[in-house]
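J.: Spelled out, the chains give:
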Amino acid sequence: MKALAVAANTVRETLRERLMYNLAIFGLILIGGSLTISQLTLGEQFRIIADIGTGSTQLFATLIAVFLGVAIVARELDRRTCYAALARPVSRGEFLVGKYLGLVAVLALNVAAMAAATALMLLVYRGSGDAFGLHFVAAFLLILVQVALCAAFAVLFSSFSTPTLAVILTLAVIGIGHVFGEVRGFWLTSPEVGLKSVVRVLDFVVPNLGLLDMKEALTYGDAVAPLSLLARVGYGLGWAGAVVALAAVVFSRKDVR
Amino acid sequence: MSGATQPALQVSGLTKTYRVGVRRRLVAALDGLALEVAQGSIYGFVGPNGAGKTTSIKMLVGLIAPTRGEARIFGRSIRDPESRRAVGYLPENPSFHDFLRPQEVLRYLGRLSGMSGRALDQRADELLELVGLGQARELTVRKFSKGMVQRLGLAQALIHDPPLLILDEPMSGLDPLGRKDVRDLVVELRRRGKTVFFSTHILSDVESICDRVGMVLRGRLVAEGPLSSLLDGSIRAVELRCAGLPEAAFDRLRAQAREGARGPADWTFSFADTDAANAAAREILALGGRVLAVQPVRESLEQTFVRLASAAGSPSADRDVA
Chain A
288 MKALAVAANT VRETLRERLM YNLAIFGLIL IGGSLTISQL TLGEQFRIIA DIGTGSTQLF
348 ATLIAVFLGV AIVARELDRR TCYAALARPV SRGEFLVGKY LGLVAVLALN VAAMAAATAL
408 MLLVYRGSGD AFGLHFVAAF LLILVQVALC AAFAVLFSSF STPTLAVILT LAVIGIGHVF
468 GEVRGFWLTS PEVGLKSVVR VLDFVVPNLG LLDMKEALTY GDAVAPLSLL ARVGYGLGWA
528 GAVVALAAVV FSRKDVR
Chain B
29 MSGATQPALQ VSGLTKTYRV GVRRRLVAAL DGLALEVAQG SIYGFVGPNG AGKTTSIKML
89 VGLIAPTRGE ARIFGRSIRD PESRRAVGYL PENPSFHDFL RPQEVLRYLG RLSGMSGRAL
149 DQRADELLEL VGLGQARELT VRKFSKGMVQ RLGLAQALIH DPPLLILDEP MSGLDPLGRK
209 DVRDLVVELR RRGKTVFFST HILSDVESIC DRVGMVLRGR LVAEGPLSSL LDGSIRAVEL
269 RCAGLPEAAF DRLRAQAREG ARGPADWTFS FADTDAANAA AREILALGGR VLAVQPVRES
329 LEQTFVRLAS AAGSPSADRD VA
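Going down the list, the sequences are from chains A and B.
Residue numbers for the first sequence follow the working numbering, so the first one is 288 and each next one is one higher.
Residue numbers for the second sequence follow the working numbering, so the first one is 29 and each next one is one higher.
In isolation and in its complexed conformation, chain A is listed as follows:
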């Protein structure tokens, strides 16, 4: 309940962020322009529109998650706005979870707006809603899970380092998570790749962001198994929950000086 009060306040706070609007508007313009850009190709227009829609959503929502995630608690400490809140019967964990949930709510709004823009472009191109199956939902839902996980890392890193370092660390984890998702299968099975134990450790400590990417299902119209989607959502939320729990432990040990 208290975490929800913090979350509601965080939504109001985050909705005033100019950075978020700049990034979101840029993303929406790109999606809006996809109809024109797609005319540069022959016969692949649907795929181009879908690619630009999902790609822009992923890129700009990730940037919003990283930059706002890093600032969301650090700014409360910086501006001392959290003093009166933390001096109440509220645990640090509740406070941090509330901040995180508020940020995720705003990210969901962003992803929903960009998904709606993509849907509109596809509708204009096709003239019918036949593209909006489970694969459409899966592509955008997993983008949301992915950016929620990015935000969790941003909150974790900002709880013990400077904002600049936290941004660098979060982007590094995102980069490794995507690359590792692509190559882990090869590294683990190929006899040419040594140090398999290192790869297995990495497999354990870095989230496989490749699992949270079903953009191609929309682009190529692949069928999506509901259980596979649920498992991927569970994987992403499990990771996000663990990272936020770790951030809460770090934050609860921090002196608010």
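Some clues are possibly wrong.
Unchecked claim - Calculated Cβ distances over 10 Å to all of chain A for the following chain B residues:
hint : residue
1    : Q34
2    : R51
3    : V55
4    : V89
5    : R139
6    : R246
7    : R269
8    : G272
9    : A276
10   : A277
11   : A283
What the hints assert, rightly or not - From the structure, some residues in chain A lie toward chain B, with a derived Cβ separation under 10 Å:
hint : residue
12   : M288
13   : R305
14   : R471
Unchecked claim - With the C-beta cut set under 7 Å, the calculated list includes, among others, these residues of chain B facing chain A:
hint : residue
15   : S69
16   : R113
17   : Q184
Please keep in mind that the hints were generated in silico from the structure rather than gathered at the bench.
In this text, a Cβ means the ideal position worked out from N, Cα and C, and glycines have one as well.
With the hints as your guide, set chain B onto chain A.
T.: Chain B only, in chain A's frame:
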């Protein structure tokens, strides 16, 4: 311990150390603070800037973890977040989300104290009137003056009607009228049975309203007790004010006194003791003059503080205490 006799605040051996610099040198911000605050009293926690007042208060409200020691609020350890249900805290130079209106600030913080619904809205309305922000409901905090933010800080500390108020420099940033309002509010809160623990470096605020005082210097409590026991009660001088004397009498009286000054309508002399003042008063009457006032001068809290600070070798004793 029964509820009636249980102290509102009980602190024993509270210590906070930090590691600073490249060599990770250990520095004590607070060293073994021990004190008790009785229910229904006003406790003044005084000391120069950097003495450890804010560090102590932040530990009491859970913003900083103690390195050693313990404190209890109505018997509950400060390490338990539930202990803060009984506390209303005003931070030093409070800050709130500047896009919110005052009532929204109070609603948000009230919810964090477990309040909700109409009771919360009603309480927020009452408090805005009480602290003089009734006319500022439609303004966002961004447009508030420093004094208005301080008043909002007091309102949020009171929102859940806590039995103990911990106020860090509550008079800071207020004009003389605002300071009087806060002093009156603190006294009114005590009348309603609340306990008030407040820090300040403005000693006149403490002198006028506190039942008990703790003086902290360089992280250590150097004096603690009822105000009367801290002040040196001995008479430092006797001040005599008189009028209606011929001009030649001034030099005669000045020779007997430590100091003397001519005012527009009277003369004031300061004597070493009551005997000297009595002798001078008799002489004034014999010369046909009028004795307007005879006032013994005792040590003020400020003088006590400076004396203790000098004894402790605090370089900031003279500079910071107003």
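J.: What are the numbers of the hints the structure violates, in ascending order?
T.: 4, 5, 13, 14, 15
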